[in-house]
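Number of protein chains: 6
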Amino acid sequence: MRFEDLSWMDIEEYLKGDDRLMLVIGACEQHGYLSLLCHVKIPLALADAASQQTGVLLAPALSFGCSPYFLDYPGTLSLRISTLLDIVEDLVRSAYRQGFRRFLLLNGHGGNDPVRARMYELANQLSGIQIGWYAWWQSHSVQDVALAHTLKPSHANWLEAFPFTRVGDIPQGEKAPPFVPGLMSAQEARQAFGDGSFGGIYQVNDDIMEELFRASLADILQLLKFEKE
Amino acid sequence: MRFEDLSWMDIEEYLKGDDRLMLVIGACEQHGYLSLLCHVKIPLALADAASQQTGVLLAPALSFGCSPYFLDYPGTLSLRISTLLDIVEDLVRSAYRQGFRRFLLLNGHGGNDPVRARMYELANQLSGIQIGWYAWWQSHSVQDVALAHTLKPSHANWLEAFPFTRVGDIPQGEKAPPFVPGLMSAQEARQAFGDGSFGGIYQVNDDIMEELFRASLADILQLLKFEKE
Amino acid sequence: MRFEDLSWMDIEEYLKGDDRLMLVIGACEQHGYLSLLCHVKIPLALADAASQQTGVLLAPALSFGCSPYFLDYPGTLSLRISTLLDIVEDLVRSAYRQGFRRFLLLNGHGGNDPVRARMYELANQLSGIQIGWYAWWQSHSVQDVALAHTLKPSHANWLEAFPFTRVGDIPQGEKAPPFVPGLMSAQEARQAFGDGSFGGIYQVNDDIMEELFRASLADILQLLKFEKE
Amino acid sequence: MRFEDLSWMDIEEYLKGDDRLMLVIGACEQHGYLSLLCHVKIPLALADAASQQTGVLLAPALSFGCSPYFLDYPGTLSLRISTLLDIVEDLVRSAYRQGFRRFLLLNGHGGNDPVRARMYELANQLSGIQIGWYAWWQSHSVQDVALAHTLKPSHANWLEAFPFTRVGDIPQGEKAPPFVPGLMSAQEARQAFGDGSFGGIYQVNDDIMEELFRASLADILQLLKFEKE
Amino acid sequence: MRFEDLSWMDIEEYLKGDDRLMLVIGACEQHGYLSLLCHVKIPLALADAASQQTGVLLAPALSFGCSPYFLDYPGTLSLRISTLLDIVEDLVRSAYRQGFRRFLLLNGHGGNDPVRARMYELANQLSGIQIGWYAWWQSHSVQDVALAHTLKPSHANWLEAFPFTRVGDIPQGEKAPPFVPGLMSAQEARQAFGDGSFGGIYQVNDDIMEELFRASLADILQLLKFEKE
Amino acid sequence: MRFEDLSWMDIEEYLKGDDRLMLVIGACEQHGYLSLLCHVKIPLALADAASQQTGVLLAPALSFGCSPYFLDYPGTLSLRISTLLDIVEDLVRSAYRQGFRRFLLLNGHGGNDPVRARMYELANQLSGIQIGWYAWWQSHSVQDVALAHTLKPSHANWLEAFPFTRVGDIPQGEKAPPFVPGLMSAQEARQAFGDGSFGGIYQVNDDIMEELFRASLADILQLLKFEKE
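Chains as they are written, first to last, in this note's numbering: chain A, 133 to 361; chain B, 133 to 361; chain C, 133 to 361; chain D, 133 to 361; chain E, 133 to 361; chain F, 133 to 361.
Simulated from the structure, these hints should not be mistaken for laboratory data. Among these hints, one or two may not hold up.
It does not matter which identical chain is used: a pair holds within one copy or between any two.
20 Å max Cα-Cα, derived SDA-like pairs, lysine to any residue [what the hints assert, rightly or not]:
hint, residue 1, residue 2
1, K360, F345
2, K284, H272
3, K284, G332
4, K284, S271
Put together the whole structure using the sequences plus the hints.
So this is what it looks like as structure tokens:
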């Protein structure tokens, strides 16, 4: 149930029986050998699956996020943090005006965490709103899967190498994690990270990826209940 | 050649031989019986076709634009004008930093016209940049096709009823264009426009739509040459 | 009935019987051989004439607009687009607070079009407000006059050469319109446009100018009725 | 030498021999029985006189300033302080780009003082710029004239009652200055100030006004020398 | 009664019987031979004394203000004017939300004067708020003390050389005030002011400083009554 | 070595031999039974200790941060996220201009995390800058101490109950952590958290607090080396 397949009349109909909305906040940035849109594709795939099971509506994904540190990798299109906060505010306000009340923000990118700060501000202004926040790779569920397979999750390593994020050959083996001295500039980051991966194994068996996906999907299905206690 | 199917290494390779980039600026707003994403889908389809013929890269589409007047139609997610300008500035600056120089902005939505103002400001700041702007429905080519078939193009009428923007049944016949008294509020607009169409025939033969599409595509192919005289 | 000739007590008195206000949004920018203030003088002359016939109040004109592309022509004083939008918002909000409800914005300059976007946002926030927008040179009335005389209206050509905008000698004859390749920087624009005119005949008989003026004035008088259907 | 009487070519010519520019920053606000545009008219008259004697160029006046406290007096059109700062920055930057280097800002309104803060920021960014600031009523010269006639200058009393700011009858006699308890809201200010004057004698002999004008003009002529020691 | 020595429960208790709050707005900037924090320390000492006598609460001091002209003196940490205004607005709004209504802003730094403009805007938005503003060195009381001792108060001269602002040796004697040609850049200011003092006597007898302090404290105690007539 | 005890001349001297600066970013918000300034006091105490051992300069602490969710607890003074980012940017830019290059930001408050996003943007703009970020309670060192004593660290529990943050009696025993359903509004947060603690033991033996402090101090001393590999 994506907006793109619906007219406004369909949304009006939906709002008669439900007030939940999922919104994917992604990024367009280097992911080593993987797709530049990893941070959109993964939460979007999860959201589609959750929508299929629950019928909860899915707003168009925001394909851009904050990645100033990756700007020297071609293809990284980064928003200023102030811009990103304004976008998400505008989208939530628009939907709130029309009757949506329970929002699940599916964040795909660590650099987007500051959005939470603006959402807290909105929560003080929009009466009766409920805002859930989910960042799949930070969840206990996903970390437990990694732990169970003694894998270390990191940017652009196996963690994000789903069948649908691979766009070319991926190296075998493992990369030593580079040293990170404070908040690096784009120039320093490119020097430090080389091919873009933060280190670890580049890819694992698809069964593990499937397990990861299911663990995360279960989280989302739970969050969509918007339980208050 | 969309970013989503590429890694940063592919973009780096591309930049060795080309510095052109297409960027679709859309909207998520009511389109009567058509998809809420009409203003993304149409320029995106044109851009994909142009990319296929020329190899010019296509950045991820911006799915949101400025539609304050449609906010009372559920499903319309509108950005403040200030937000929209900041987004497009950020995207162009990011790509410029990496070596892109010739940008073709494919605008899908009339409410996004103010973006041009910010782009002029950027043109004064980013040395050597070239920015083309194309709004398919405003082009002479498209208007000539409409004229040839004695059709009046308008919001959410036949003009936007492509096979790929239809998401349900569309009425037969024609709608009388409502009276527009100045800049209407969302509330007034909903009252005035009812089902959302600005009037005219709801749909026409697909051959005309195909003719329209080809006329517009020819414009884009021409603009991608970035001729200076 | 300009603000400059009135005290606040006069405005208070006016508001007992009327809630209309005209606001001129101009620009200070190169106009070839014509006054730098063409885009103020023309709508202001129209507004004065309309005020004389109707008694509708006229706020002080905004003498500045958005002209980033002309910044390499000395005397062009251009606002950032964000600044312009904020100004007009502040002026309208101030007057709204005091009881004005029906605003006719008389825009003198194409670069100011984005103001409409902010006005739509205001229309959603200020209950009962009505905002009309009129750009004289874009009106059917003016274009019909041009057509009737087989003249092509353009920036700094005959179209704007009123007796009251001429500040020196104006060339005879006609200028070939320069080629415009996308959104030009100030440097490119100066190269392309030379003396600043966008081409066409530099001046015509004052009778035509008078005809033009009257056609536009008739539009404004009509708009000041703020008819809703 | 006002911009309105010149074309861009005239400005270009001027810049070959001079780099000075005067800019009037005014306000549109209640002035008791006087014109709503007092704060424009007075510095503008001074600037015109100074321009006549020195040939220094005069940019179009900014007719709006910050007067939040007078918003309950109809006809007061007030900018947010952030808006005002942006405007003056934009105007100075535009002129600086074209070669102007020595700016004399003629402020007509106390509420505009914060502009100085932004100008200091600009002075750190625009190499070689010189920015003078003159608020006529705050000058020693003007205060000396008042003192010599044992008059107390204040908002909308005799101080601003020039022949060219009077728009109707003005009361005889004197008003007791109201008590001002901190920073008042617009509502409180209207209650406190009644007719809008801050108290004192409403008008004096035109000879005194002429003396005042000449004293201030002498200041401006001195400042236009932009002496550095 | 500083916030740092209290828990939220203490504040809640206080609000049952009082709604007054003092807020110190300071600066971190060069003060010649004196502490970089002079503009915090002086109003803070006054506020502490006033709090001790009245029990009025004292919010944490803002240690930063606007000092763009001193940025070439190391240790000067200056906020943009827009930033400063936003901070004070945020602090006042936070406290207002919790029940504070009468605010006394104790400004320690001339460059912070524009804060008043934003406070006037707030006064129009927050019903029932009362905002007092006090800048100790601009008060008649302090100027009278200076006059009585035939001393000229100025930046970083004796005026600010309290026992608690001295951090090292201070020169004997007097400095000739430098010439100030308009709004200087940081570079020009450093050249003009040398050691940072604006001239005059560097220090005076502590008895005078004590007299000064008492005079100013008396003002504050009076202002804390928030008398309306 | 705090700014308050130094003049600008001292800073200039320091910069001849060092370019490091510590900056504390705190908050003024409810901490249950503890001081409203916990998030300033703790990193400040650490910074003072680190300064004493290394001689590294310490800028004035920022006493305010982002705590929108606690605004219904009196005494919480919260900045908008946009304001906070601007402040820290201004402070870092000021010091960078004067020669500081290596910054260690000591964050005391989780709600301030978004500052990192702006710092990444600055790192791309200020050549040669190095920015370290340390949030004491998020460090492995501190978490290891907690683990060793089988204590769970949380907001306003034992973790922050240092001798210097206690301002009154603290309950014995332990509080059950409240359920947190997504991003709560200030109203919901107050209902959920009651006395303000997030649960766990209210206070522990001072030896543990000392151990915690030392562990964190060791981290800071290490970070002040600004090692690049």
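### Task
Please flag the earlier hints that this structure goes against, numbers listed from lowest up.
Hint 1 alone not satisfied by this model.
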